[in-house]
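Student: Chains as they are written, first to last, in numbering that gives the first Met the number 0: chain A, 0 to 256; chain B, 0 to 256.
Hints listed in this document are in silico derivations from the structure and should not be mistaken for laboratory results. One should not assume that every hint holds.
Identical copies carry no separate label here, and so any pair may be met within one copy or between two of them.
Stated by the list, open to error - Derived BS3-like pairs: lysine-lysine, alpha-carbon spacing no greater than 25 Å straight-line:
| # | residue 1 | residue 2 |
| --- | --- | --- |
| 1 | 21 | 165 |
| 2 | 21 | 56 |
| 3 | 21 | 76 |
Number of protein chains: 2
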Amino acid sequence: MLLLPKIGTYSFVSEPFHCDFKRQLFLGALGTQMLNAADFHSNDRNFGIHYLLPRHKSWVLSRFAIDVLRMPTAYEKFSVSTWVENAMRYFTNRNFEVISEDDGQVLAYGKSIWALIDTETRQPTDIFAVRDGDISNYIEADKKTPIKNLSRVKISDKAVKTSEIKTTYYDTDYNCHINSIKYIEHVLNLFPIEHYKTHNVKHIDVAYVAEAHPGDILSFYCEEDADGSTLVSVRKHNSQQPEEIEAVRCKVTFVKI
Amino acid sequence: MLLLPKIGTYSFVSEPFHCDFKRQLFLGALGTQMLNAADFHSNDRNFGIHYLLPRHKSWVLSRFAIDVLRMPTAYEKFSVSTWVENAMRYFTNRNFEVISEDDGQVLAYGKSIWALIDTETRQPTDIFAVRDGDISNYIEADKKTPIKNLSRVKISDKAVKTSEIKTTYYDTDYNCHINSIKYIEHVLNLFPIEHYKTHNVKHIDVAYVAEAHPGDILSFYCEEDADGSTLVSVRKHNSQQPEEIEAVRCKVTFVKI
Chain A
0 MLLLPKIGTY SFVSEPFHCD FKRQLFLGAL GTQMLNAADF HSNDRNFGIH
50 YLLPRHKSWV LSRFAIDVLR MPTAYEKFSV STWVENAMRY FTNRNFEVIS
100 EDDGQVLAYG KSIWALIDTE TRQPTDIFAV RDGDISNYIE ADKKTPIKNL
150 SRVKISDKAV KTSEIKTTYY DTDYNCHINS IKYIEHVLNL FPIEHYKTHN
200 VKHIDVAYVA EAHPGDILSF YCEEDADGST LVSVRKHNSQ QPEEIEAVRC
250 KVTFVKI
Chain B
0 MLLLPKIGTY SFVSEPFHCD FKRQLFLGAL GTQMLNAADF HSNDRNFGIH
50 YLLPRHKSWV LSRFAIDVLR MPTAYEKFSV STWVENAMRY FTNRNFEVIS
100 EDDGQVLAYG KSIWALIDTE TRQPTDIFAV RDGDISNYIE ADKKTPIKNL
150 SRVKISDKAV KTSEIKTTYY DTDYNCHINS IKYIEHVLNL FPIEHYKTHN
200 VKHIDVAYVA EAHPGDILSF YCEEDADGST LVSVRKHNSQ QPEEIEAVRC
250 KVTFVKI
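Looking at chain A on its own, in the form it has when it is part of the complex (with noise of 0.2 Å):
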């Protein structure tokens, strides 16, 4: 049987109504199209929800981080390629590289972690029993990106709460869940419009800790961190789980534009 390449890669346009007021791609509608090129890709070659959903699995993103070189700007267009690096039992890794097709400009590069559950014990299931360990054939373990290894997101109990939202409808996926990139855009709301003015985000690390659900509170507490990126912890509670649970852990990197 002839097999689909390894890298998977799909073009997109920096759509304007995307863009903010620097005419630069959000970074969640980057996010978004760096998500929606993994499904593309595992769909593709028959490990994606298509075939996953009826037999009761599906992917659930556990890790992502983004290194940000530079923002398509408004019209561009840009190829994401994503590919998986490795797969063990219960967690693949997969990267992204993002590239402009204007000037052929490496624009941003990416990482995951993602875990295969069972959607009905919401369980991790074993990635190896899903079409006799087909993925095994796709993995595309040479193609290096410089972005570093995803590494534990730390942060203290010194952090403070600095805000509160009430999830809602256009916060869920389609799996009913918080949305994966609608945590990255609540982050980024936690600066003035006024620091994006003189700063760009350079890398945003995201550990998918709990998923939580539409109605779900949701409360930033944010630390600085030693290098100068704040470190935010997402917790979540509801009136049936009055008690704060972590849902998400990041670390977002700005850079002085």
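Could you slot chain B onto chain A? The hints should help.
Tutor: Frame of chain A, contents of chain B only:
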């Protein structure tokens, strides 16, 4: 000089990470692609913001209505056709037709009104002064859309304040105003997630009354219309301007699934 066709048609995909838990494209995401199509159409014909902004002019959305027949489902390809129905001195009417590229069904219709403004004075400016009124060569008056004509969205002083939000970085557009579509998302977020399990949006009609800016507080005043629709007045204020001013008025109609 050879003119482009009056009607411009642009293809999009209902990307899975822009879909809700019903695996349907979010209405906000559809609205964004309609505005992107309007932007592409006007730029392609040399009366878009590429031509206008260096001349200190810009289009400002004044009215936007969407009539939904069926929302695109996840992965569905669809096209947005758009054209100028007519142009007056200060306003132009632009229509939309959204068609599935998978099954050919009409998915939605749209109507909009745009003002041309001087970006320095923020005052309306003469549309026919742009390229000697070249827009007149693109008026497509014959193609009809079955969406009813825009009518004044009325709201009484009995409307009740139901929520308030502070606008943030992710609410802004590339003009550093609150993004037209974000108002739609905030209005649809007034309804609990349970409502969307049994209802779809059938029609939304938005009047953009005054521009809001990031940091402004938006208050949402709601009232039920005689036909069962919900009327929403979105009022803005901030520390410099503590008195509430109407920014947006809107009517949203749901249909039971």
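Student: For each hint, tell me whether it holds in the structure or not.
Tutor: Hints versus structure:
In the homo-oligomer, the alpha carbons of residue 21 and residue 165 lie at most 25 Å apart only across protomers (21 Å), although the nearest pairing inside one protomer, at 29 Å, exceeds that limit. For the identical chains of this complex, residue 21 and residue 56 are inter-copy neighbours only, at 18 Å across copies versus 41 Å inside a copy, given an alpha-carbon limit of 25 Å. Proximity of residue 21 to residue 76 under the C-alpha cut-off of 25 Å is restricted to the intra-copy arrangement: shortest distance 17 Å within a copy versus 30 Å between copies.
Hint check: no violations occur; every hint is consistent with the structure.
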